[in-house]
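Undergrad: Read off the chains here:
Protein chains: 2
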Amino acid sequence: MNTNPVQLFDVESSTFTYILVADDDRSAVIIDPVERHWERDLAHLKRLDLTLAYVLETHAHADHVTSAGKLREVTGAQAAVPSGCGITPAEVQLDDGDVICFGAGERIEVLHTPGHTAGSVSYLWRGNVFTGDTLLIDGCGRTDFQSGSSAALYDSVIGKLFALPDTTRVWPGHDYKGQSVSTIGWEKRHNARLANRSKAQFASLMAALDLPKPKLIDIAVPANQNLGLPHGA
Amino acid sequence: MNTNPVQLFDVESSTFTYILVADDDRSAVIIDPVERHWERDLAHLKRLDLTLAYVLETHAHADHVTSAGKLREVTGAQAAVPSGCGITPAEVQLDDGDVICFGAGERIEVLHTPGHTAGSVSYLWRGNVFTGDTLLIDGCGRTDFQSGSSAALYDSVIGKLFALPDTTRVWPGHDYKGQSVSTIGWEKRHNARLANRSKAQFASLMAALDLPKPKLIDIAVPANQNLGLPHGA
Ligand SMILES: [Fe+2]
Ligand SMILES: [Fe+2]
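Chains A and B, in that order, are what the protein sequence lines are.
Just so you know, we're using UniProt numbering here: the first sequence kicks off at 1 and counts up by one.
Just so you know, we're using UniProt numbering here: the second sequence kicks off at 1 and counts up by one.
These aren't lab readings, by the way, just hints derived from the structure by calculation.
Each hint should be verified, as a subset may be incorrect.
[Unchecked claim] Covered by chain B, per the in silico footprint, the following chain A stretches (three or more residues, Cβ under 8 angstroms):
1. 3–9
2. 45–54
3. 169–182
[Stated by the list, open to error] Simulated pairs of lysine-lysine, DSS-like, Cα-Cα distance not exceeding 30 angstroms:
4. A:LYS177 with B:LYS215
5. A:LYS213 with A:LYS70
6. A:LYS46 with A:LYS70
7. A:LYS46 with B:LYS160
8. A:LYS46 with B:LYS177
9. B:LYS70 with B:LYS213
10. B:LYS199 with A:LYS46
11. A:LYS213 with A:LYS160
12. A:LYS188 with B:LYS70
13. A:LYS70 with B:LYS188
14. A:LYS70 with B:LYS177
15. B:LYS188 with A:LYS177
16. B:LYS70 with B:LYS215
17. A:LYS199 with B:LYS160
18. B:LYS70 with A:LYS177
19. B:LYS177 with A:LYS215
20. A:LYS46 with B:LYS188
[Claimed, not checked] Covered by chain A, according to a simulated footprint, are these stretches of chain B (three or more residues, beta-carbon under 8 angstroms):
21. 6–19
22. 39–49
23. 182–192
Quick caveat, the model's predicted, so the values are computed rather than measured.
We put the CB at the ideal spot given by N, CA and C, even for glycine.
Based on the sequences and whatever the hints tell you, model everything.
TA: Next comes the structure, spelled out in structure tokens:
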């Protein structure tokens with residue numbers, strides 16, 4: 001099964017946005033859209049002649065602002081977000097095991113994969129997993145803010161994501177090297193941070209990273225918890 | 001039918017490279033790979049556990065050097081190129097109407113679409129058309145070098161590409177605005193250069209562009225005519 005999403009990129013924050021198209025070519029879902037690209041993304045929906053059913057977020061991002069609220073407003077789509085992220089204006093609050101349906105029989109399964117943030121989820125659709133900042137290609141998201149936890153991330157990746165079939169395609173929330181896609185099988189065997197490492201080894205590796213505070217975090221997180229809309233809107 | 005390719009991007013030249021995956025998830029074809037990314041692209045083939053059947057070129061590029069020769073060398077794939085581009089070391093020289101087969105029953109149809117260069121082709125696969133620099137999203141390639149011709153490009157787009165079904169997805173050779181994909185239907189109605197324009201109007205529009213000579217053309221074209229390999233190799 002090689003139904004791939006449409007992958008869009010934001011150069012400034014190296015963020016991927018995904019459009020998942022139903023097999024009937026009529027209905028779509030967008031994952032992690034970026035505020036400054038809402039018109040670009042809307043143009044893609046128009047060009048492909050799609051109706052947007054849902055805007056999904058993998059977590060409350062710290063490095064960029066979402067266009068979820070804006071896209072919801074202009075398309076009439078519903079916003080569906082992880083329940084543990086404090087994104088209160090979204091009409092659908094998702095928990096582990098929930099299923100989002102769109103188009104004629106498309107199913108997206110929600111996997112709660114905490115660690116990068118406590119509320120982070122991954123989305124599973126037709127042999128593709130959208131991992132947000134939980135699992136990146138040959139890497140993973142940081143775990144030092146927003147109730148992040150290296151122990152939780154380790155359990156999410158090893159226990160949930162690496163339990164998926166080896167051929168599952170991994171579509172990350174970011175990439176900084178021009179990469180597009182990986183597979184669970186490859187990451188299980190080769191991921192520089194997570195393959196063949198104990199939980200304790202992973203914890204010390206993550207603790208030693210000593211990364212600077214993200215520049216936008218104090219603006220982006222509250223904005224994203226309001227779906228990127230101005231507060232009071 | 002929404003089988004999409006994997007789309008990879010070169011930030012320096014804004015070039016797209018595409019990996020087409022056979023439905024059996026074993027075999028693949030790569031279109032327009034870029035020299036400096038051959039290891040990145042090879043890593044994608046390994047991660048997806050694919051065997052590369054063919055390296056395809058849409059034309060002899062003027063703005064970047066291909067990795068076709070290098071990928072052929074390391075993977076054992078065959079190089080298949082348009083016959084009118086002077087890419088002599090390629091084992092397969094393609095003409096209009098030719099079909100490239102890979103995997104279990106995948107068919108790529110060759111459309112000769114001259115105009116950006118005299119030899120340029122587009123590739124049609126499962127409702128997707130890979131248009132190289134003939135048709136871009138809301139634009140088209142330039143027609144002022146390498147035996148380019150605005151009249152030929154007009155005929156190629158209007159006569160061949162716009163004759164494809166409206167839902168055909170258009171995957172261009174370049175994009176400069178973060179866009180990924182369009183459709184024939186949308187381009188037919190809205191393309192800023194080609195929709196609702198006569199051949200004469202299009203010719204004067206292209207003649208008026210007055211673009212600078214591409215910086216790399218004197219290096220890139222001869223290099224690409226040798227599949228990106230050093231001459232004498
Ligand atoms: Fe994040
Ligand atoms: Fe070109």
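Undergrad: Could you run down the list of hints and mark each one as holding or not?
TA: Outcome of the hint check:
no., hint, verdict
1, 3–9, "holds (count 7)"
2, 45–54, "holds (count 4)"
3, 169–182, "holds (count 7)"
4, A:LYS177 with B:LYS215, "holds, 25 angstroms"
5, A:LYS213 with A:LYS70, "holds, 27 angstroms"
6, A:LYS46 with A:LYS70, "holds, 16 angstroms"
7, A:LYS46 with B:LYS160, "holds, 23 angstroms"
8, A:LYS46 with B:LYS177, "holds, 16 angstroms"
9, B:LYS70 with B:LYS213, "holds, 27 angstroms"
10, B:LYS199 with A:LYS46, "holds, 27 angstroms"
11, A:LYS213 with A:LYS160, "holds, 28 angstroms"
12, A:LYS188 with B:LYS70, "holds, 28 angstroms"
13, A:LYS70 with B:LYS188, "holds, 28 angstroms"
14, A:LYS70 with B:LYS177, "holds, 20 angstroms"
15, B:LYS188 with A:LYS177, "violated, 35 angstroms"
16, B:LYS70 with B:LYS215, "holds, 23 angstroms"
17, A:LYS199 with B:LYS160, "violated, 57 angstroms"
18, B:LYS70 with A:LYS177, "holds, 20 angstroms"
19, B:LYS177 with A:LYS215, "holds, 25 angstroms"
20, A:LYS46 with B:LYS188, "holds, 14 angstroms"
21, 6–19, "holds (count 6)"
22, 39–49, "holds (count 7)"
23, 182–192, "holds (count 4)"
Violated hints, in rising order: 15 and 17; the structure is consistent with all others.
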